[in-house]
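Asks: Since chain A is already given, all that's left is putting chain B on it; use the hints.
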Amino acid sequence: MVATRTRMNVWALPPGDQTLHWYAEAIGRMKALPLDDPKGLRWHAAVHGYSGPNRDKFKRPGEKPVNQALVDRYLNKCQHGSAFFLPWHRQYLLLFEETVRFHVRAAGGPADWALPYWDYSERPAPDRYPNDPTDYWRGLPAPFIDPASPLYVSERRPKANKGEPFLSDGDVRLRGAMRAPTRGLFNSFYGPMVKNHFLGFFGALEGSVHNRVHMSFGMAPASFMFLVDGAGMDPIFWLHHANIDRLWEVWKNVDPSHTTPSAERWKKVQFEFRDHSGQNVIMAAPDVEHLASMPYTYQHTAPPSSLAGLSIRQSNPETEVTLGRQRGIKVTELGVVVQVAVVHPIEPERPRTPVPVGQLDKALSLTIEGFKTKDLPYVFEVWLTAVNGETLQPPVEVGALAPFGVLDASAIGASHAGCGVDSVVDLTDAYLNLPATIRSPIVSLTFHFQPVYVPPGAKGTGKIEELRLVVE
Amino acid sequence: MSVGVERLRGRAWPFAPGSWPLLLSLAAWVSMAPHMAAALLPAAPGPACACHIDHTHGVVVGPIVDALGWARNSAGAEALQRAWSWVVMAAAMMVPASYPILRELWGRAFPSQRLLLVGAFVGAFLSGWAIPGVLVAIPGVFGGITGFVPVAMLMTVSAAWYFFPARRWLHAVGHRRIGLSGRTSTAVVQAAGQGLLAAFACALTCLPWMVACAASNHHPALMIGGATAIGYEQFGTQPKPQQLAGLAGLSLVLWTALSALVE
Chain A
1 MVATRTRMNV
11 WALPPGDQTL
21 HWYAEAIGRM
31 KALPLDDPKG
41 LRWHAAVHGY
51 SGPNRDKFKR
61 PGEKPVNQAL
71 VDRYLNKCQH
81 GSAFFLPWHR
91 QYLLLFEETV
101 RFHVRAAGGP
111 ADWALPYWDY
121 SERPAPDRYP
131 NDPTDYWRGL
141 PAPFIDPASP
151 LYVSERRPKA
161 NKGEPFLSDG
171 DVRLRGAMRA
181 PTRGLFNSFY
191 GPMVKNHFLG
201 FFGALEGSVH
211 NRVHMSFGMA
221 PASFMFLVDG
231 AGMDPIFWLH
241 HANIDRLWEV
251 WKNVDPSHTT
261 PSAERWKKVQ
271 FEFRDHSGQN
281 VIMAAPDVEH
291 LASMPYTYQH
301 TAPPSSLAGL
311 SIRQSNPETE
321 VTLGRQRGIK
331 VTELGVVVQV
341 AVVHPIEPER
351 PRTPVPVGQL
361 DKALSLTIEG
371 FKTKDLPYVF
381 EVWLTAVNGE
391 TLQPPVEVGA
401 LAPFGVLDAS
411 AIGASHAGCG
421 VDSVVDLTDA
431 YLNLPATIRS
441 PIVSLTFHFQ
451 PVYVPPGAKG
461 TGKIEELRLV
471 VE
Chain B
1001 MSVGVERLRG
1011 RAWPFAPGSW
1021 PLLLSLAAWV
1031 SMAPHMAAAL
1041 LPAAPGPACA
1051 CHIDHTHGVV
1061 VGPIVDALGW
1071 ARNSAGAEAL
1081 QRAWSWVVMA
1091 AAMMVPASYP
1101 ILRELWGRAF
1111 PSQRLLLVGA
1121 FVGAFLSGWA
1131 IPGVLVAIPG
1141 VFGGITGFVP
1151 VAMLMTVSAA
1161 WYFFPARRWL
1171 HAVGHRRIGL
1181 SGRTSTAVVQ
1191 AAGQGLLAAF
1201 ACALTCLPWM
1211 VACAASNHHP
1221 ALMIGGATAI
1231 GYEQFGTQPK
1241 PQQLAGLAGL
1251 SLVLWTALSA
1261 LVE
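Line by line, the protein sequences give chains A and B.
Residue numbering for the first sequence follows my numbering, beginning at 1 and increasing consecutively.
Residue numbering for the second sequence follows my numbering, beginning at 1001 and increasing consecutively.
Treat the hints as calculated values from the structure; they're not laboratory data.
Hints may be right or wrong, so weigh each one.
Stated by the list, open to error - Result set (DSS-like, lysine-lysine): computed pairs, CA atoms no more than 25 Å apart in a straight line:
| id | chain 1 | residue 1 | chain 2 | residue 2 |
| --- | --- | --- | --- | --- |
| 1 | B | Lys1240 | A | Lys267 |
| 2 | A | Lys330 | A | Lys374 |
| 3 | A | Lys463 | A | Lys330 |
| 4 | A | Lys39 | A | Lys59 |
| 5 | A | Lys64 | A | Lys77 |
| 6 | A | Lys77 | B | Lys1240 |
| 7 | A | Lys459 | A | Lys374 |
| 8 | A | Lys459 | A | Lys330 |
| 9 | A | Lys268 | B | Lys1240 |
To be verified - Pairwise CB distance ranges, derived in the manner of DEER restraints:
| id | chain 1 | residue 1 | chain 2 | residue 2 | range |
| --- | --- | --- | --- | --- | --- |
| 10 | B | Ala1257 | A | Glu264 | 29 to 35 Å |
| 11 | B | Val1149 | A | Ile412 | 35 to 41 Å |
| 12 | A | Leu310 | B | Arg1183 | 34 to 40 Å |
| 13 | A | Asp17 | B | Ser1181 | 55 to 61 Å |
| 14 | B | Arg1183 | A | Leu432 | 29 to 35 Å |
| 15 | B | Ala1257 | A | Lys330 | 25 to 31 Å |
| 16 | A | Ala107 | B | Gly1249 | 47 to 53 Å |
| 17 | B | Phe1235 | A | Lys31 | 39 to 45 Å |
This one's a predicted model, so the numbers in the text were calculated from it and none came from an experiment.
Note that beta-carbon positions come from the ideal geometry of N, C-alpha and C, so glycine has one too.
In isolation and in its complexed conformation, chain A is listed as follows (with noise of 0.2 Å):
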């Protein structure tokens, strides 16, 4: 197929471009569209979630609740901790954007308007405000934070609808994400080959950049970006998704080994969404995994500047080795430090000698399993702070826990039996860049999990399940 539009920057729309003008112009319209209608905001807001206890979120006084046999088979089907996860997205995203297109063009607006993405990582190119001083594009683009706009929702933490730069630099990095394996039993760039609601590891991009900017909007409730049940309220949310959709594409490019999965179950595996017509559309994960197949394009695929000599892990699900465990862990609103002892000797034939000075042609990762909360949903920034107990200047963030869905996957009477979040951190990186003195023998890691945007006298406690450190 041959992309009839393209998708672009946010912040590369060209002085006086309409793209955004006609994107509030079809939010107003679908905002006062029924929950049960697939021409309205609410309906594709409730495709990605509509469960539990926000649930009643989208619904108005008077109105009657949505058929059930419409619950079971089109709402809340969102994949995450999947490797659906993306093209789950990608299908969504797109018949999302065809109902906006729906409502542009009976607003006499362009036949080929198409969907922008929010680019958060970058410095955009061209760039239009060269001389503003702050990372302007990790904030909200103007129309968004306008209270008169459709596309305003003051469901957003205060310094996101100010217009300040409220993403950080650990919010928005690439550079994990894009050098996840392909494969991977827990650290890969897709996740499990599992099809669920909210249930696995997540893969790479997700467990980062995606989980991390949903929940850097804000707490539940004040937040719709940071619930699975609303998400979609927010219109920056479909902006969002269109930069991970394009990230997906990017990862491509980083590497020749990142490809597709070739498992069974990702080609067999189907999901089924109703587009604005109310026609049925039956997908697999091979109708989308290509962009080229895709009716639309992005004006940037490339790997960016910043992912310069990234090395990237190979990775194979048959030989993860667990090197060391942590369980039962208990985290508080101030965080938790942790320290993880290395009692597996990965070269049998150097017993006791965990693990060796040099390269490591294999990822080594921190599995953290189970994580689960009631009134602790909050980013954790994890930070190397001590290799063999002896302490590290600086201590060095390796990752985050970013437990996006948290508060659905810790309810006990929920489908997912209160399992809580499984997310990998990727410590290849962090454990090749200390010195040859330290790295050999090595004994014991001592992490900190140290909480963000936690909202001032925010009190909680969480629990993660187990701690890992896995070679694979």
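Replies: Below, chain B without anything else, positioned relative to chain A:
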């Protein structure tokens, strides 16, 4: 320099790591095959079939029990036979369903603990399944459930059970992860705990069908139908309740038709 993990894989085993318990399942199916085949043959004078398995008590007699040969005519022996046949059936049908947990347990364990932890899981899993087996073994309770009506009722309950959200929740509970300690002794207890949790959740999700299998004297239509439904649910692409319920109905129809043909 490679970290040497390639050498830790254990290349001798041709299948995925942690999959060796599937051999238990295979052995269980093989041991039950003659009995299941006999159910498809018309009743004839003399021995029911040439498999040397006692069909008269309506249970599969495993080779170990058979070899014991003690008190074969006592009620205790029949109860033991029923319990044994239940465990063999669980090993055949349910161990493959626990493979994703086994695979993950294998990956999470230290290499030196892997066999031990997987063994603890499987042992606890089958022990957990043996508890309903003991109930089945009580003479006059489940032992008395035979014939079309009870089996049809059980299969109807099985089909209806697929539509309950509680069943889906139980299915998810069976796959909950339990943290593993660095200490081997504690980790073994935790792996066994996960095996028991998986067994109880699994038993509650599949019990009506399994009792129907036992009540039908392990008829292949219900056994293979059940294994297909379990496998489809576990490894398929999230089948709909109506598909699984349809499979239950089909199994019941096949059982009825094949039983009528044999009689």
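Asks: Determine which of the earlier numbered hints do not hold for this structure and return their numbers in increasing order.
Replies: Hint check: 15 fails alone, others pass.
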